[in-house]
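Engineer: Now for the letters of each chain:
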Amino acid sequence: GQQLNQSPQSMFIQEGEDVSMNCTSSSIFNTWLWYKQDPGEGPVLLIALYKAGELTSNGRLTAQFGITRKDSFLNISASIPSDVGIYFCAGFGLDSGGSNYKLTFGKGTLLTVNP
Amino acid sequence: NAGVTQTPKFRVLKTGQSMTLLCAQDMNHEYMYWYRQDPGMGLRLIHYSVGEGTTAKGEVPDGYNVSRLKKQNFLLGLESAAPSQTSVYFCASRMRLAGGHNEQFFGPGTRLTVL
Chain X
1 GQQLNQSPQS
11 MFIQEGEDVS
21 MNCTSSSIFN
31 TWLWYKQDPG
41 EGPVLLIALY
51 KAGELTSNGR
61 LTAQFGITRK
71 DSFLNISASI
81 PSDVGIYFCA
91 GFGLDSGGSN
101 YKLTFGKGTL
111 LTVNP
Chain Z
1 NAGVTQTPKF
11 RVLKTGQSMT
21 LLCAQDMNHE
31 YMYWYRQDPG
41 MGLRLIHYSV
51 GEGTTAKGEV
61 PDGYNVSRLK
71 KQNFLLGLES
81 AAPSQTSVYF
91 CASRMRLAGG
101 HNEQFFGPGT
111 RLTVL
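Those protein sequence lines, which keep their order, are chains X and Z. Going by the numbering used here, 63 is the number at position 63 of the first sequence; the sequence numbering is gapless. Going by the numbering used here, 108 is the number at position 108 of the second sequence; the sequence numbering is gapless.
Honestly, the hints are just simulated from the structure, not real lab data. One or more of the hints may lead you astray.
As the list claims (entries may be wrong) - Cβ pair distances, simulated, as ranges:
no.	chain 1	residue 1	chain 2	residue 2	range
1	X	Gln3	Z	Met27	23 to 31 Å
2	X	Asp95	Z	Ser84	22 to 30 Å
3	X	Pro81	Z	Asn65	37 to 45 Å
4	X	Ser7	Z	Gly53	39 to 47 Å
5	X	Ser57	Z	Val12	38 to 46 Å
6	Z	Phe10	X	Leu94	33 to 41 Å
Unchecked claim - With a straight-line cut-off of 30 Å between C-alpha atoms, the simulated DSSO-like cross-links for lysine-lysine are:
no.	chain 1	residue 1	chain 2	residue 2
7	X	Lys102	X	Lys51
8	Z	Lys9	X	Lys107
9	X	Lys107	X	Lys70
10	Z	Lys71	Z	Lys9
11	Z	Lys14	Z	Lys57
12	X	Lys70	X	Lys51
13	X	Lys51	Z	Lys9
14	Z	Lys14	X	Lys102
15	X	Lys51	X	Lys107
16	Z	Lys57	Z	Lys71
17	Z	Lys70	Z	Lys9
18	X	Lys102	Z	Lys71
19	X	Lys102	X	Lys70
20	Z	Lys57	X	Lys70
21	Z	Lys57	X	Lys107
22	X	Lys102	Z	Lys9
23	Z	Lys70	Z	Lys57
24	Z	Lys9	Z	Lys57
Note that beta-carbon positions come from the ideal geometry of N, C-alpha and C, so glycine has one too.
Please work from the sequences and hints to get the whole structure.
Structural biologist: Okay, structure coming up:
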């Protein structure tokens with residue numbers, strides 16, 4: 001079945017540093033989504049990407065939809081303490097049967113920001 | 001809009017007890033999903049629904065049942081709870097595929113402990 005490899009699994013950075021994380025897949029997706037999950041909360045959608053090569057920003061966050069449609073990255077610039085949380089990528093595409101669309105999730109990147 | 005809401009937020013059950021988790025969305029979304037989130041396992045799809053009156057199995061459906069009697073509600077039932085069902089449960093919804101906009105939104109979660 002479809003699998004997403006998200007890396008790194010965790011990051012520990014200093015406030016003000018930039019952060020980059022990425023997801024790769026063996027399957028093609030037609031949408032990439034990036035979520036953030038705070039402790040004790042549900043995932044919140046940060047950025048949605050719909051076209052190969054698309055680069056989209058949301059404040060200090062920038063994400064890109066890879067040209068091959070099999071990867072995506074998320075950058076956070078000038079990190080602040082409230083950026084702490086788990087970041088998930090998710091790819092939307094046809095399932096292994098080829099008849100239904102499904103969302104496949106990465107395992108997440110745990111980000112810790114040291115003030 | 002309240003978005004996706006879940007009740008209850010927390011619950012403790014004894015082995016063998018039953019309960020129903022309620023998910024409601026006010027975005028008129030066609031698709032609704034139930035996931036469970038466990039440490040190191042990421043988000044795993046339990047059941048989903050592509051419309052009122054329809055349900056389908058996800059990756060880990062055993063021990064759960066669902067119903068979608070109304071478009072805005074998606075119920076997850078545990079008929080005989082087991083300690084292996086201790087987890088955080090998330091409901092999610094999205095609109096029917098249209099113009100490539102496949103944004104999926106999550107509820108705040110239900111934390112279930114089975115003793």
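Engineer: Quick check: which numbered hints come out false for this structure?
Structural biologist: Numbers 13, 14 - these are the hints that the structure violates, sorted from lowest upward.
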